[in-house]
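Take these sequences, add in the hints, and give me the full structure.
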Amino acid sequence: MLLTIDIGNTAVTVGVFRKGSATGGLRVATDSRRLADEYGILLKNLLEFRGIATTDITAACICSVVPPLTGMFEDLCRRFFGVTPLLVTSQIDLGMPVRYDNPRDVGADRIVDAVAAVELYGAPMIVVDLGTATVFDAVSRDREYLGGAIAPGINLSADALYYNTSQLRRVELVAPAEAVGRNTTTSLQSGIVLGYAGLVEAMVGRFKAEIGEDARVVGTGGLVTVISDHVPVFDDINQELTLVGLDIIYRKNAAGLPSSGASAGMSRAG
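Residue numbers (full-length UniProt numbering): 1 to 270.
Simulated from the structure, these hints should not be mistaken for laboratory data.
Honestly, I wouldn't trust all of these hints.
Unchecked claim - Distance condition first, Cα-Cα at most 30 Å in a straight line; then the derived DSBU-like pairs of lysine-lysine:
id, residue 1, residue 2
1, K252, K19
2, K19, K44
3, K44, K252
Below is the structure:
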């Protein structure tokens, strides 16, 4: 079984794949203060709750946008699962040319999402990831990663209003019945939820004008469902996109990887 780990700014998302088929999805809070042992025991217990033993894991693949946790999870994979993980960087075979000015600057999760989206849905492709940040990525008709756009995430914007004003409060992230709010709560919900729906619709329109009006649009990320019913641009919603991409990239690189696990002389914690 392949253990896939997506280390994001808000959450660490873990999946397990057997011959390309996913088994469950687990999310734990991102916390750089935690130690490898803490995360290791937590993941071990969560996987066992799903009926997956540490000895079932034969390989691992990681993408990370949190550098302090990257090495920690590499160590965790070795100690708790007995495998040396493949870390996604611009230096490995991604199966997709990266046309960013400096490929090293692109977040690993953005590339992984693009790889998965094109594999599943084709190209040209626009990926909209609504998480800690709201990120747009574009893939050309020739299946080249071109770049994209980054905006503050929905929660970041809402928190900025709450922390930097005296009378505005936190509200539930749901769309109001009307765009014209009749009280502070519905005014905030309109500006945040419908405002971000408008942002997504406008950016997707601009991207299509540049890469092709026939580009498919895939939404992903923990907050995509907040706006997906209020913006008519999504062809598909796939919240497991990053994990699927990690599985695809691992399989592209597996043949050239050294053997891992107990046969490589590693011991498992626990």
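Subject >> Pairwise hint evaluation, K44 against K19, where the allowed Cα distance is 30 Å at most >> reply: With Cα atoms ~21 Å apart, K19 and K44 stay inside 30 Å; holds.
Original post:
Holds or violated: are the alpha carbons of K44 and K252 at most 30 Å from each other?
Top reply: At roughly 27 Å apart (the allowed maximum being 30 Å), K252 and K44 satisfy the hint.
**OP:** Starting from K252, check that the Cα of K19 is at most 30 Å away, please.
**Re:** Distance of about 13 Å is within 30 Å: holds.
Hint compliance for this structure: no hint is broken.
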